[in-house]
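Trainee: Sequence:
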Amino acid sequence: MAVNTSARRLPYDRGAFMRRRTKARRGRASRIGLLTVGETARILGVSPSTLRLWESVGLVAPARSNGRYRLYSPELLEVLKRIKYLRDVKLLNLPGIKQVLGKTASARNAQGPRPTDLGAKLRRLRKKTGLGVVEAAKRSKISAGFLSAIELSRANPSVATLQRLASTYGSTVLDFFDVPKQSNHLVRPRDRRAIQTQSGVRIELLSVGARQLESQLFRVAPGAGSDGSYSHQGEEFIYMMSGTLEIWLDELQCHTLQQGDSFWFESTVGHRWFNPSSDEAVLLWINTPPTF
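Numbering (my numbering), first residue to last: 1 to 292.
Don't read these hints as lab results, they were simulated from the structure. Take the hints with a grain of salt, since some may be wrong.
Said to hold, decoys possible - As a list, the in silico DSS-like pairs of lysine-lysine whose alpha-carbon atoms are at most 30 Å apart:
| id | residue 1 | residue 2 |
| --- | --- | --- |
| 1 | 81 | 98 |
| 2 | 84 | 98 |
| 3 | 121 | 138 |
| 4 | 138 | 81 |
| 5 | 121 | 141 |
Model the full structure from these sequences, guided by the hints.
Mentor: Structure follows, in structure tokens:
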């Protein structure tokens, strides 16, 4: 049989090919809990070129895929949100933003022991409750990819996410610290246990063995916060040691706390908080009973 060589070839649609390739790349990134440059730009409300600029001046360092495409973790997304806040709200230029981020990182690195590795603890708690990753993520209102990244220590949860995970596992945030089994009346700064969240918040445990209260030192970076509202049983007391903190109760009342201010509220009221200043906020935070 003669072969028909005169059959027309279908025209090459480069646009369709690029769309399919981009869609496939997004799918691979989403399966491992990472975002592409386009997705990250849309979430932040900036252009991809702005993200590349921030990378070129050393503000961030995204991961790269095998094809050398930029990939952004949930943790890095929080850093980018803080950069955008410092640029748009505090009107800082790039050198100013770099100085603020560097100063906050240096202060954190100078504080006592290394933060607790949350990933392994969260994985053990999830397995102890008999929950799979998908079901645990659904109950905690996060993606399964993000939870997997947290358990692999590739990302840190925000304070609100951490509290939701604790609630899902029938636990409290206190259980995430490497707390000694023996009670100690005295805890020196170098001996404090600490947790570092994705949103630029460091929580240091000030008491070990207390049964009716939970006392912690919070260090909140500029533009950082709880990243959502949460609630639980009990009462809370805050004393501002330095900086500024904006706290919302039930999305109805907004209070701005500054150095020397003290604040009390019932933990059952939904609460979220945020550092609106360009300086780190340091505060004493006490929960009773220890249900946070």
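Trainee: Hint by hint, say whether it matches the structure.
Mentor: Verification of the supplied hints:
Proximity of residue 81 to residue 98 is assessed by CA-CA distance (about 14 Å); at most 30 Å being required, the pair is judged to hold. Restraint check for residue 84 and residue 98: the C-alpha separation of about 12 Å stays at or below 30 Å, so the hint holds. Between residue 121 and residue 138 the CA atoms are separated by roughly 19 Å; this keeps the pair inside 30 Å, and the hint holds. Annotation: proposed proximity of residue 138 to residue 81 holds, straight-line Cα distance about 24 Å (limit 30 Å).
Between residue 121 and residue 141 the alpha-carbon distance is near 19 Å, which keeps this suggested pair within the 30 Å criterion.
Hint compliance for this structure: no hint is broken.
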